[in-house]
Each structure stands twice: as C-alpha cells, then as structure tokens.
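**Q** Chains as they are written, first to last, in my numbering: chain P, 28 to 780; chain V, 28 to 780.
Note that these hints are calculated values from the structure, not bench results. Incorrect hints may appear among the rest.
Copies of the same chain are indistinguishable here, so a pair counts whether it falls within one copy or spans any two.
[What the hints assert, rightly or not] Straight-line C-alpha distance at most 30 Å; calculated BS3-like pairs for lysine-lysine:
hint, residue 1, residue 2
1, 604, 625
2, 104, 289
3, 778, 315
4, 250, 605
5, 778, 36
6, 625, 36
2 protein chains.
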Amino acid sequence: MNDYAVIGKPLPKLDALGKSTGETQFLSDLRLPGMLSGKVLRSPLPHARLVRLDTTAAARLPGVRAVITAADTPQEKFSFMPALADKHMLAIDRVRFVGDEVAAVAAVDDATAEHAIELIKVDFEELPNVLDPEAAMAPDAVRVHDGGSNVAWEIHQEFGDVERGFAEADEIFEDRYETSRVCHCCLETQTVIAQAQRGGRIELWASTQAPHTLKSEVERLLKLPEGSVRVYHPPIGGSFGNRLVVDMKSPIAAILSRLSGKPVKIVNTRTEEFETARTRYPYIVTMKTGVKRDGRIVARATKVIADNGAYNDKGQATVSAAGSSLAALYNVPNLRYDGCVVYTHKQPGTGFRGFGNPQLTFAGESQLDMIAEKLGIDPLEIRLRNANASDTTTTFGAPLSSCPMSECLKIAAEKIGWNRRQSLPPNRGIGLATMLHTGSGSRHYGYNSASAGLTVTEDGKVTLISSVCDVGQGAYTVMAQIVSEILGVALEDIRVIGNDTDLTPFDLGAWGSRTTWVNGHAARDAAQRARDQLAGVLAGLLEAAPEDLAFANQRIFVRGAPNTGLSFAEAMNHVYKKRGQPLSVTGTFIDELAPECKDWSTATPTLATACQAVEVEVDAESGQIRLVKAVAVHDLGQAINPLAAEGQVEGALAQGIGYALYEELLMDNGRALNPDFVDYKIPTFLDMPKPQVVLYAEPDSTGPFGAKGIGEPGLVPTAPAIANAIYQATGVRLHAVPITPERLFMAMQTKRA
Amino acid sequence: MNDYAVIGKPLPKLDALGKSTGETQFLSDLRLPGMLSGKVLRSPLPHARLVRLDTTAAARLPGVRAVITAADTPQEKFSFMPALADKHMLAIDRVRFVGDEVAAVAAVDDATAEHAIELIKVDFEELPNVLDPEAAMAPDAVRVHDGGSNVAWEIHQEFGDVERGFAEADEIFEDRYETSRVCHCCLETQTVIAQAQRGGRIELWASTQAPHTLKSEVERLLKLPEGSVRVYHPPIGGSFGNRLVVDMKSPIAAILSRLSGKPVKIVNTRTEEFETARTRYPYIVTMKTGVKRDGRIVARATKVIADNGAYNDKGQATVSAAGSSLAALYNVPNLRYDGCVVYTHKQPGTGFRGFGNPQLTFAGESQLDMIAEKLGIDPLEIRLRNANASDTTTTFGAPLSSCPMSECLKIAAEKIGWNRRQSLPPNRGIGLATMLHTGSGSRHYGYNSASAGLTVTEDGKVTLISSVCDVGQGAYTVMAQIVSEILGVALEDIRVIGNDTDLTPFDLGAWGSRTTWVNGHAARDAAQRARDQLAGVLAGLLEAAPEDLAFANQRIFVRGAPNTGLSFAEAMNHVYKKRGQPLSVTGTFIDELAPECKDWSTATPTLATACQAVEVEVDAESGQIRLVKAVAVHDLGQAINPLAAEGQVEGALAQGIGYALYEELLMDNGRALNPDFVDYKIPTFLDMPKPQVVLYAEPDSTGPFGAKGIGEPGLVPTAPAIANAIYQATGVRLHAVPITPERLFMAMQTKRA
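Based on the provided sequences and hints, a complete structural model is requested.
**A** As structure tokens, then:
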C-alpha cells in the first residue's frame, strides 16, 4: 500500500452537508426574474399523421406568451451521432411514439400553460405501427422512418476463427435472453431553463451530464453559430446516463424564450419522465458458446437486437461498447459479434449506467452457469479457468493493464460463503457473476483529454476550475483529494468550480466511468505544477533544494524535518504579500491515443473488473424472492475515495436489483401502463440487504494515482448473479429480466408440471 | 503608429447591448429564494452615548426573522488599514456620526423591516461634538475616539532642502485652499446580499470594486477563518472609489443571514447613501511656493489637513498618494509635504476617483496661475517651464518612463484657442490646468501582480478568466481586445469571466487606474502562451516553423501568405478533435518591484499626465457660470480602446465640473442638509458642453502594448482649470470649491466694494 495522506481515505463528499441539510439549490429550485412556465403538447398515439394543428385559441389565452409548432423551429434533425440524425424538435407531419413532441407553449404560470396546451386543437390520423423489434425487421414491416429498413444501424465484428472454434468445441450452447425496458428514475425530473439574450446567445440551465455536448448539439439544432449557447449545470437529482440525452425541451425552451423575451422553464411531470425521458435499451441476445470439456470457452457468437424506439440516440454506441466489454470479459480466442438497432414506435432508448453491458452480461453470465452445470464444473471454477488477467491482451488486441478478475472472484466467493453452497437450506441459493467494463471512458470520440486551471489563493486555499460534472457521484471530492494529496492542503480548503461551459474547458462529460481517470489526470498535473512552482519560490526561504521540500499536513517543510518550514497559509501569504506573486497554473492531460482510435483494440485505456455474489431465498408457494445477502467485489485500481466508491457500488447495486427483480416499463400499444412510482417499483432500503462492498484497490498503471473509474460497474453483474442464485434455489432459470414473483411462480409451476 | 488590428480601435464595450437594452441584471435586480429584507437603525446624532437599546418589541413583530445589536456581533474593529481600525460594525456604547450603525433587522419584506426598526427603543444621551477638523486638532478638543489626539494619522516628507530653496527664491507665495465634501452619487445605491451556509461559509453579492479585499476584511470583521467568505460581484451602477469601502452592511447582512437561515438583502435608501456611504475627503491645503523670477519653482511646502470624519478609511492613503502625485507634477528640486487626517463627528470619507489628487491639484494649479500673474508670465508658459518630461526622474527618485506634459499643454492650448485669451469678450475667461496621476495602480500594498486563465474552446472561442472588475469602465472589453490582438480572434468571440472570488485569482481590485496596466499584462501573457502553444501544434500541419505563423482576421496562416492556413475555428477543431488536445493556459504578470516598495520613489510603476482647458462665461449680475468649451488632453500611453477611454474622460470631466461648480454635501450640526438629488446638484448634459477629448496615445515602455490607465485623471485638473478661467472672466479668485454662483457673486461684490 502506498502511504497517502488523503488518497484512499473514506472522506465525506464536499457537498454532503448541503445535500443532507436541504441547503443545496438544485436546478428545480432555480427561478429567474420574469420566468415563464413552458409545457409541451405530446402525441397520444404511437404512430399518426398530423392532420390539423391549430394554436389560435391557445395563443389568445391571457397569460400565454408564446406558442410554437414545427413551423417556428429550424427543423434541423437531431441524434447523438449526427450521421444518424432523425428527430425533429417538434413533429412536422408524423408522430412516432406516445410522447413525441408536437407543440409547446410558454405562459405566466403552470396552470395557464397547461390550459393553453389543452386549447391547442390537433387532429391525428392514426397509422399502423410496429412495436416489436423482431417484427420491425421483417421486409414488409411498417417503416418508422421513410426509406430503407427499420434497422437503424448494425455492427459485425469477428476475431479469430469462430467457426473453427465451434468445430473444436466439445459442447455448444445456444440461448436467447431478453432484457426489459427500464427507466433511470431520477428523483428530480428533467428540467431546463432557457434565456435568450438580445445579442443572440442562449443561456441554458439544464440537467446534463455532458454540458459541452449539450451546448454544441443545441447550437446545431437551432442552426446557431458555434459558441452561441452557454450551458450552466447546477446540482441535479440523478442522471445515470439519462442526462446525456439532448432532450428536445432544451431547444424548445430556447425558442420559447426568444419569442417571449423571458426565461422559460420546462419541467417534466413524473408521467412525462416515465413516458418520454428515454429508457435503457431492451436487448434480445442470442448467444452461442462453444466450450471444451474442461470449461474453457473456445468460441462465442453473440447476436443482439436492440429496441431503438422511434428515434436514434445511443443505441449504436451501447451495442458497440457492450459488445467490446463482453468480448473482453473472458479469454476467448474466437469471437463473433453481430448487433443491430431497430426502430419501433416506442419511446426511444438511451444510455443507462452500464451502457449495454448489463444486458449482455445477464446473457453471458446466465449462460456460463448453465454451461458449468452441464459440464459438472463449479460456477466459480469455470470463471477462474476463463478469467482474464493483468498485463495480458484481449482477443481483439486491447491491453489489459490490470485485470484482477480471479482475485475478485475468490474474494466474493469467500465473503458470500461459497463453500456453504452445497449445504444450503431448502429454497436458498447462492449465485455469482463477473463483468468487465471501461474504467476510463472511451476514445471513440477522438478526444479523451482534459485540462484544469488551478489557483492557490493568497490565504492558502485552492481553487480548481475543472470540467468535471459532479452529478452526485462525488467527482468534485475526488478532484479535491487528488489536489490535496499533492499540495498537502486540507480537503475543505479546496474548491472545485465548474458548472458553466463558458468557464470550463471542453470535456466529454460524466459518463463511461471516465471522470476520475481523465479529469483526475488533469487535476493531478495542475497540482503538481503548482507544487513545483511553489517549491521554486520557497526553496531559498527554506534553504533547501526545491525537490527536497515536502508538502503535507497543511505545511511545507524540508523533507524529513517536519518541524522546519511553515504553514501552507503562511507560505502563500509569503508568495503573494512578500514576493508579490500570484500562483495560478493550468494542468493538462492528453490521451494521445484517442484521435488514433479506430476499433475496439484502442477504444478503452483501461478496464475494471468485478464479481458480485448473492444469496437468495425464494418462497416456494408464491415465488417471492428475498435477497438474503449481497457481496460486491470491485476492482477500481487505487481507490481515491473508498466511501464515495462504495456509495457508487451500493447505489448501482440497488439499480441492479431493480433490474433483476422489479423494474419494467410495461406498454400497451406503445403507451406506458405504469408511468409512476406506485406501479413502477424500484428497490427501497427494505428490499435490499446491507450489501457488503469490497474494493479491490490495487493501482492500475494507467490512471492518476493508479485509479480507475467505478461509476457504472456496480449494476452490471447483479442481475445474472441473482438469476444464478434463484436457479440454485428453485431449479428454474428465467431467460429474461425482471424475474418477478409472478413470472418465477409461473415457471416453477411449469417445471413442477 | 503601430499597425494593430484591434488595439487602439474605438470599439463598443462588450456589455453595451445588455446595458442599453435593460437586459443586464444588476446587483439590485438579484433576488434569491426566501430572501429577507434587511434594514439598519442609525444614529440621528453626531455624538451620543447609547443609554438604552431595547429590541424586544421589534423581535416580536410578525415577519421579523432577526434583530441584532453589537452584542450579537464579534465586536472586531475595522478600517481599510488594519493598524488604524476604529469602527465597530454596530455601535457598542457611543455613536460618532449621524448615520452610525446601531442595530439591524431582517424581515420578510421592506415594510416589516422598516416597522421593526421603528419599534427598536433606543435612548441616546447627546455628547459634545467636534465638527471642524482644525478645531478638532486643539489640545482640549472633544475626542472622537478615546485616548490620543484627534489626529488619526500624519505624514512628513522632505526632498532636497526646502528652507534653502525658499531662501534662494525671488518670490514666495503662501495660500490656503479648501475643498468640499462631495458624494460619489452612484445611481445604484450600495447593496449587499448575504447568504450564510450551514458549513460556515458566507456568500456575499456586493457592490464592490475590490472583491478580494472585501472578502478578507469581512472574514476579519466576523472573526472567521480565511477563505470563509465568497464574494460575487454582479454588474453595479457606479463605483468611483465608493465601492472600495468595506461597508458595514456586508458583515451585518452576513450575521442576519446566519441568524435567520435565509439570504438577506440590504439596500441603501438614497438618503442613507448620501448620509453614510462615505464621501471625498475635504482637504484644507496650505501651500507655500518659492519661485525664481523666470517662473521656475525652486521650493514648495504643502500642508494638508484632511477631514477624516468619525472613522478611518482611506484618509491616510489619499493624503499620501496625492502628496506624491503633487510632488511629481513639476520639476521642483526642494519639496516638503506635511499631511494629517483628523477625526470629526461627521460621516467618514473614503477614496473617490482621483484619490486626493483633485484636492491638491486644485490648490497647486490655482496658485500657479496666481504666481504667473504676479511674475507676468503666461499661465501656459509657466507650466511649460516647470513641466516634467519623459525619461527623467522625479525629485523623490521615481522614474518617469513617459511624461508628455508639455505636449498635452500645447495641444490643449491650441484646441481651446489659447491665443484668443487676451481678446475675449467681457466676462469670458480661459483657464487651464495640468496633473500627474498613477496610470498603473500603486505598489504600496506589496502586491501589484495579476494572473489570468485562458482557454481556447473547441469551437474557436476564447474564455479569459480574469480578476478584473468591470464596473462599467470597459475592463472586460479592454482585456478582450488584448487577447483578440494576439490571437486574431473576433472580439465578440472572447468571453471574459470573473465576478467571483472563489473563481478568480487574488487581485487588488479596480482602483488607482491600474486595471489596464496590471491585468492587461496578465491577459497579454496568457494570450501569448496560447498562441505559442497553438503555433507549436499547427506548425506541422501548415508546414512552417511555429514562429512563422500569423494570427489575424480569425485565421492562422503562414506569415506573408494570408491565403494559406485555416480559420481559427477550423484550427481549434483540429486541435481538439484531430489531435485530441485541450488548449488551456495561465498567464502571469509579476510586478517584481511591488514587494520592495518602501516609499514614494517606487510606489507607482508609471504615471499619466493631462491638461484640461476650459472657457467660461460669467453673468456679472448673478454670478451664474456657463461652461462654454472644455478640452481634455490625456496621456494614456497606447490607447487600447479610445472609445472607452474617451468615455472615462467624459464621465470624469462631468464629476470634475460638479466638483468645481455645484457639488457639496452641506451639513448642520453633523447632519446632511441636502441628501437627495433635488438639493445636491450634479451636472447633467445640459450643464456641460460636449467636451473635446484628445487622447495623447504614445506607447509607454512599461505597459501592456504601451498602455497606461485612464480611470481617474479625467477629473483631477478640472476644478483648477475652471477656477483659473473664472478668474480671467471676473478678476475674482475663490480658494474653495464649489464655486457656486452665490459665492462668486458675493466675492465679486466684495471686489467691487
């Protein structure tokens, strides 16, 4: 273990006090002078032609300040990938899902805006729809968008010789898995405030994890020159990938503000949030795996059909990224991956913590237990035999700088009591699952770099200007710890400032478990430069060479002589007041491989592994499932803040449990049946045991202080671990999540019959 | 002339559109959620003992959230110079001027807060007072503060041998001058919002020109650890030195906020602003000048008694700084300066544009005309004979890097039509006056440096994070022009961000005409570093050495071949998206002499000179004075933005005209008689001719692009120029400002009699 002062310490997040006392002002709390309420008229039908749209009465209603339809917008198409753009901000002639944006109003208050929405006369001519992705792939299927097929995008990758691999296999398994449509369930719904300035610029206060992306996409949608939009991102109540969406409310609010001359706020109702805020992509996964008798996987061919919903967002990206994570998971010499994203007349999907990986890991790790059973190998042992290891290279050529998968498996087995597995009471089961996921973002976008400004103030405090989005995960705290470690200042004396795209350098945003790795490097570089500069100024005063100065405990002193030197505050006072000098620097991290990244082999600087193990008890009469114990062992390189990292894992685990057992947005003819927290159940404290989180914290050679990201992995292996445990408890294996009591009960009945 | 693209161009200020359309949100416009109204109970007497103070009824009033007296405050004493601290934020047992703070309340609205103030029962026992500074110097005078004398501070400087100088003089003149108490008259009154956070920090939104100073002084007053206060400074409606004051409303609002748990806003009423917001120090100046028959000044001894009012603020600093400006004005070999600052039971003074120099220049430049007349020398000629010149050294050893005083004199004479002077119609007069003033701040504080962060964004825009306070003078625009010149980007593509002490590096603030010089250096360094870095990245692409690349017209190209290369936006796109690199730098300016500054000889990096000339017409029957023509010739080194610089001069000139002719806060027993804009007259458009402003813009060797500051000089020589013109028109010389028609009429009557 390294002997760090702050790195690796379980410190409360810097924003903990404000959050826990209610002092924090969230985006929802923000009100600007003269602010109007904006509301959106949405399609009630999954597919229809817009026959008539009459806003006259709405516009005449006293208190209404602006009413817009597509005619008032630039009619630019949007998608996350510009090449796949297919979504107008307001429907032009057709609506393609229940919730599709048709018109919008701004009025003096919510009630007036709602009334105005009711006064908009709109006639729809319902059209035939296609709701099932496999049906949508049929040649004669109704087209969601004109021209071509409903397959929005596809990918085909092969490494090694898959057919030869299958030929050499002793056993071949082929199974189909289906995953459900789940919602991000942010407790604060999507919110945006737009303020159009007379000079032409637009200010947006938005729920976003990727403010710079939002900025440039809104500029493009509004056909504004680059640099016209400024995005502020105050604290928000949840993101989980959902706030990567460039929601149409942002450009809509901007236009309403420009027309009304006032700031306009649009907030999703909870129903709108469930029906339109985008969901995790449901995948249909067909997995064919060839193994040797000893359990070694020699070939795997995976097919994915992702339900895109009506418009493109990150379907393409999740199918690709998850494919590479699955391909890297085990040491398999021959791999094929065929994925596609298919339009349906439903709410579009988007990225969601895990980014496709929970879907594929559910398939792969469920199947691996089936393989183990067939081969008579212990599920733990079969994973150890196939596990990847540190300092190796994946089948597709990516270096694994660190991969303690075997270690995580063994720890999880020990903590869950794997050796009890054969002597459990009836209706009990223990299962486990592993995963591999990026711990450093993705280079797919040509830019995976960061910079940060750092000023040490005259009173010995530190300001770090960083692009990190603190969406509640503790990113500011992690940056502050890195700075604190290097400069020896107290954590509470470091202020991280960001939240404004005019202020912060370009950044890809908080996703892909990249923040600690990428922005942490920049923060570290900035702190080191400040330290070097400070040592240079103080060397004479302390009669030592700059390199012999130590920075610790809020003091600067000659290394080995902590009684020498001066306090950090005194030192800064000396620098400013006695030397008349400021101390400001810029730190930079350049991921030089990012622009070169052409395929999976360089897409990810480093990956993180994990193993989760659970014990369940199933009520044989009702199918009720009780989670008795949950262990999550997570590799994260050097933990910067174990407390925050455990929080990440615990929160993700809850979502993983929801994914495994409870959550599904049910639909009838494209309309959500359960768009509220009464009928859409997410786990509460009562539904989960206090999980045992173990951080496997061995430094990785690529990360700042050896750190890797931990934002997403916590839910990736949860569902298959639970499914595997349920199988042991019941002998029943479901190939779809969520494994509700009802479904389990039916399957148990079938098995008994 | 240098061939600049942006420097030296008369460009509209970046904030002009927002200001002129009413879009700009000033501090007064700001409302925070749950914000309370704060009001201050003030002394109605100039000197009294606090016998009883009962807040019970006020505290019981529904809607009142906090009531405080001195007992609720840390009772720390405040002054601008900590060694001279003498002011409690709320009076403990005595009040010392009409307006002294006694108690304060916070309530749900203004009316409730005002009512609560009325309900506070307070009994005063009036004490004898002293209102005249000379009377206050008597040994038996009532003491404003216990112990010692009423002389709060004094300075004694001598250079050369003054007595020998007087002995060698052919003529000796000794005169007494008095200047009035004038108010800054900001159109937005002093405003503060404080929000106490649960973690202990205080956020202040304040009218301030020196946010970092405000921050540390409020920390000291509240006995909080350094770094506890964060100051935001939104656009404000006027400053002029007044917003350098650390007004007691800031710590009072902070305490009210802490007690109430809500943000508290306190706004001066216009009456409070006149009675308590501090004024220019009235000076009594006794000037003894020895001259040779040819007009050369050989010795000068100046005595200043400054009326401090009841508490210290910047009396000491103005008396010292103005003394050095006067001492540098002409090439006088023997100089003595004796200044003191004397307590009286009146509203305290503070810094005001010119910082003591208008007072002393009124004395010196009035007397010089008297000397010229006595010696039979033309007033222009006597100044040319005594003028300082570039590349010389003042009597007290300060280098004059540039001093085009003779040039300014000649231009002013030509523009006003000096040769008409002997043939003017009756009751007309032409007068002129010169001045020397810092164009680069002051090093007296050990720190005269600056830093700035600069990011070039992925879309080719530039963000400059600078500590400059844009108080309406165009500081942001000047910084942007410097950056634009170096990087070749359009002015509107540069965003200057500041306004927050957590965000910006330490800075002394916007005063002493220092912003362009000090912060301009830092901005220039930042832009140059960005350019160097960019040239390094692009050299290969453009197949040229980095030093051969030119940056102009929003393009980067090989020098001499403007058709080569690429647009700046394309270049940045290349850097970010193709090279995967960010472009962020830090620029620094270190004024290495600042910490060494021990006396006047190094106090000012560079000085600016000016000459103003006016023509007046006096109504012989009524004493009414009409300003016929006004010429202002100002040295400012290289003008960065002549339009903004002219605006500075025009605005200051209006204040100078008010100082000369109209403005005086009249007092009776320590109470202001005219605390409103009806009875306290400031010049309007109707009172001033369109001034002819000439910028003498020769680069200075010390400044960024050769620039010097121009914030203050515009009003320094105005009053004596007008007084000298009135003398020519009437034969009457008043030794005090303002020269009101009433006073002039009385003096003309006396002269006739």
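**Q** If a hint holds in the structure, say so; if it doesn't, say that too.
**A** Going through the hints against the structure:
no. : hint      : result
1   : 604 x 625 : between (52 Å within a copy, 14 Å between copies)
2   : 104 x 289 : within (26 Å within a copy, 45 Å between copies)
3   : 778 x 315 : within (24 Å within a copy, 115 Å between copies)
4   : 250 x 605 : between (52 Å within a copy, 24 Å between copies)
5   : 778 x 36  : neither (50 Å within a copy, 86 Å between copies)
6   : 625 x 36  : neither (38 Å within a copy, 47 Å between copies)
Violated hints, listed in ascending order, are 5 and 6; each of the other numbered hints is respected by the structure.
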